[in-house]
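Please model the entire structure based on the sequences and the hints provided.
Residue numbers (the numbering used here), protein chains in the order written: chain A, 1 to 443; chain B, 1 to 443; chain C, 1 to 268.
Everything labelled a hint here was simulated from the structure, so no lab data went into it.
Take the hints with a grain of salt, since some may be wrong.
Claimed, not checked - To give an idea of the chain A side of the interface with chain C (calculated C-beta under 10 Å), a few residues: (1) Arg43; (2) Phe174; (3) Phe183; (4) Thr189; (5) Leu190; (6) Gly192; (7) Ile193; (8) Gly241; (9) Gly344.
What the hints assert, rightly or not - With a straight-line cut-off of 27 Å between C-alpha atoms, the simulated BS3-like cross-links for lysine-lysine are: (10) B:Lys331 with C:Lys74; (11) A:Lys176 with C:Lys62; (12) B:Lys331 with C:Lys80.
Claimed, not checked - Here are some, though not all, of the chain C residues that point toward chain B, as calculated from beta-carbon distances under 8 Å: (13) Ser72; (14) Asp101; (15) Thr105.
Where is the CB? At the ideal position from N, CA and C, for every residue including glycine.
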Amino acid sequence: MDLLAQFDWWQPFTSRNGLSIMLVGAVTNVACALVGCYLVLRRMSLMGDAIAHAVLPGLVLALLLSGSMNILPLFLGAAAIGLLTTFLTQTLHQYGRVPADASMGVVYTSLFAIGVVLLKSYAGQLHFDVQCVFEGWLGFAGMRRFSFAGLELPMQLRTVGPVALINLAAILLFWKELKVSSFDSPFSTLIGISATLMHYFLMALVAVTTVASFEAVGSILVVAMLIAPPATAHLLCDRLGRMIVVACVVAIVASVVGYWFALPGIFAERGVSPAGAMACAAGGMYGLAVLFSPQYGIISKLVRNLQTALRILREDLLLMLYRVEEVDSSKRMRPSEAVDAVGGGWLARLALAMLRRRGRLELRDGRLHMTDDGRWRAARLVRGHRLWETYLVKHLGLPLDHVHAPADRVEHYIHQPLREELERAVEDAPIDPHGREIPGTAR
Amino acid sequence: MIGGSITANIMLGTALLGATAGVIGTFAVLRRRALVGDMLSHAALPGICLAFLVMNSRNRLGLSIGALVTGLLGIVLVGVITRWTRTKEDAAIGIVLSTFFGAGVVLLSKIQQDQSGNQAGLGTYLFGETASISRSDIQLIAGMAAVCLVIVILLFKEFELLSFDSDFATSQGWPALALDLLMMGTLTIVTIVGLPICGVILMAALIILPGAAARFWTNRLGPLLVIAGIFGGASGMIGTFLASPLPERWFGSERVRALLNASLLPPGPLIVLSAAAIFLFSLLFAPRRGIVAENLAELRLRIRISREHMLRALYELSEPQLPNRPQIDEKTLLAQRHWSNWVLNWWLWRFSAQGLIERDRETAQLTPAGLAAAAQVTRTHRLWELFLVESAGIASDHVDRDADDVEHMLPAPLIRKLEARLAASGRMPVVSQIVPESPHELL
Amino acid sequence: MIKEASSTGERIEANSPALEIHDMTVAYHRKPVLWDIDLVVPEGKLVGIVGPNGAGKTTLIKAVLGLLPLASGKVEIYGKPFGEQRHLIGYVPQRESVDWDFPVTVRDVVLMGTYGRLGWIRRPGRAEREIARECLEQVGMNEFAKRQIRQLSGGQQQRVFLARALAQDAKVYFMDEPFSGVDAATEAAIIELLQKLRSQGKTVFVVHHDLQTVRSYFDYVILLNMRLVACGPTATTFTPAMLHETYGGRLTILDEAAEAVRQREPIR
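Here's what the structure looks like:
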């Protein structure tokens, strides 16, 4: 606690090193999220995982052949291996009839093993830290810099920045093609936009993005950023354009939150791996979306169901009290009787409490009395129910004993337009088929 | 790089591990869950770190229990996400994998600074360290293998049902969810036991590769499991062998041995590469499902179809003038079907070499032998057509697709009946009473 | 909005049939699924593709559309190979094959029908949006234009894909079971639309498996059971009596054959 109290909250956002790390993280994450959206929608998320691992031998070979950390051979080697991974996976699936997921697993684990063997065999000649495969050099983003347009920028931006721009340009330029081939690949091929071509195009982008991000943030963050922000956005949006924008925002927020979490003194005294923390932040944001997305979140769905259940219970309570009064105008029920009559349980008690708080019911002498407002609402519900019964008997010719149950379900969903239509259809019948009065609309 | 004297022990351990992973992994491959193994091995890392933080020791059993907990949590999370949200399974696996692994990396970097001396052992969970296999490890592996095999043998029927059709299993009253959890539980245990030996990625390979390779050799579950076990065990042994120093008696020269031993590689990736080699061999050369066998069979099929088309065309062009055998113009023949010039010429060359036709410059004439062969092909074709017309209601699954098999598939009396009916209605060709007329208009 | 073929800028030879298949064999992993299919369908027909499950109906469509490789034979649309005639073809996929969670709206899907004409990189503009609106209007789905496709009923979903096919402004349409999972009202609306297309000179192929309605819906049928059983006008082709008279079949033989095959079934 002491540590937290001394902590300068704004320090990371003003220090050059902190800004560098966040900038590199954010740009990388956006580059990944841009192509990741299409991976997630094509149900090929794990292709990102596979490529991120499979590029290892490509990197090692490129390093060995070029003898330096020169960026171009690295890109070429990795892009080639990325495409090879895709191609082999496809071939195994198609010609070897290996299930799609297993063929992916076979290909990338084998390539990774080759990579490890190469790495160990030539360990002496390579300055290649294995740990870097997972975590990258994000923590050291502030160390080396280059200047661009008068700004001192971290070195990694020189690789990650152009890749992010390339991805953005590719998506804008081939918007229509990527969209249609992701949505309906046979149709796409049919209208002359080859789905295969778009597939390999996208995979090449993923491979290049992966390699560029590799050095900066490590494979684990690449995989997280390819999948988690797009999946989060998919839970929040129903249009492709918005989904991509939201995914980028999520990616940026994840890098800021992750970086903050990784700072010394927050989680561990001397700080933790920022890449790992950013991956966790992205996963956490996905978790929030799973729970609280307005339309598709689990909790939102539960709340919606609960609200509907409560409304139906309130209406059932009012209906029941109205019918009891109709039969015996002096009879008033106890709250416990009323709750039991609609099935009991805490939900029913809650519904009763809500009715009282809203002034539909009053409790006098331990008995429930409808207020005028409550009685008017109940009458309207009963009217809907009995109109529906009349309609069923009159227009669909259902036998009498068959109409109560369906009307019981429908009564909660009869709104004003439908009620008016029903009124016209049954021509103001004063009584329902069971011979009971249909209450009027007057207040 | 393994010391010579304990090589046998280690071989035993890796072979047992490979065999068990192969058997259990086969179910994962069959159930299209190959990458769950990958997810598991990543999701185990935070568990291992947490267990280490709690116990502050490297007791392998304790760490394994931590891994088991987070591994199972990962599986449950993937299930919850796919069941309750619109996120698809691949993205769910990817998110859980990367978030858990990110958390693991964060915890690892915390541990690294807290207890720098003690953490070295945790690093092996990333890449594996076969050389560290001790006698107690082998006992652990053997115990795990025994438990898993007993479960598989006892529940063979149930697992078979579940792998084949889990909905059917549920409808038959089997506790599909519990069985599923048990199956995934065994997978988790195998993964976690193997993790310190093979590392994260390579353990995923051991789960997928043997099962996927065995799939090429058989269509039945029992043999499949056995073969996968053998493949897995063999990969373990071969990989370990390749990684171990050569026995003294193989090379007398101390210098050669030193040279060879100096380039020894870690066994983990070698085990995976051995498994990959077995997979590759199966993919290419398995007798029925291998790519070579399949392509040969397809080529043969194409050639046979082409030959039948050619013979039928010759017969159909001769048919109006039977029993005379007319000279058929090659141009007419070319127009009859849509084949290219060289295909036509090749077949005409083949047929005349086989004595089926006599070629003049621009014309061809069926020899008596050729007429018989062509008539036979045409008869088979038309009989099948007739049969399928007759029995248009039969699902085609019941009909073997091989045209030559008409005699084997349909009982002789039935064929005679079909023929007789055609003859009775005067539609049998005059020349040989075995060629029925084509039921649809010839084109 | 459905214009004559002139809008495609292509002159179609008057006498070439809409679809011509010669000696087509399609194999999945060396097992032929369709054998020696030979058929010709003239222009301006509403064609039902009928046959038992596993008879290769969907395979036939996919092979014609170049989505599956042919083991032998060839396919021609208006006398030319498929590759040169893509722009003449409209396609409605099976409902099961669509990802309904994809973040697209109804209008986005219908707009995709115009992509083929646009070519690479060019974006749909006002003209295309107008086409999409008109096509939605035709299937009565305009008020749902901004809905995500999951939020529609089965019948409405089918109509959206029909509207996309309309937006393709094709000459030949292929539809894979457009009536599956669709309510009776939608089925009637769809068939009415298809008949309207036919009256405009389009040719429509429909994979169908409700034998009851074949006669009333289609004026041409393709009977398929791995091999071509028959292909011709419904009135003369789709009559059991006709089949049996022509080919000398009888129910007893039919049963006998089915039984014989069933007993020898476990040959793999």
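How the hints compare with the structure:
1. Arg43: Holds, about 8 Å.
2. Phe174: holds (7 Å)
3. Phe183: For phenylalanine 183 of chain A, the interface hint holds, since the closest Cβ of chain C sits about 5 Å away, which is under 10 Å.
4. Thr189: Given a least distance of 7 Å, the restraint on threonine 189 of chain A holds.
5. Leu190: holds (5 Å)
6. Gly192: holds (5 Å)
7. Ile193: holds (7 Å)
8. Gly241: holds (9 Å)
9. Gly344: The hint is violated - glycine 344 of chain A has no Cβ within 10 Å of chain C, the shortest such distance being about 35 Å.
10. B:Lys331 with C:Lys74: holds (19 Å)
11. A:Lys176 with C:Lys62: Measuring from Cα to Cα gives roughly 24 Å; hence the hint holds.
12. B:Lys331 with C:Lys80: holds (21 Å)
13. Ser72: holds (5 Å)
14. Asp101: This interface hint holds because 5 Å falls under the 8 Å limit.
15. Thr105: This hint is violated: threonine 105 of chain C lies away from chain B, its Cβ roughly 16 Å from the closest one there, beyond 8 Å.
The earlier numbered hints that this structure contradicts are 9 and 15.
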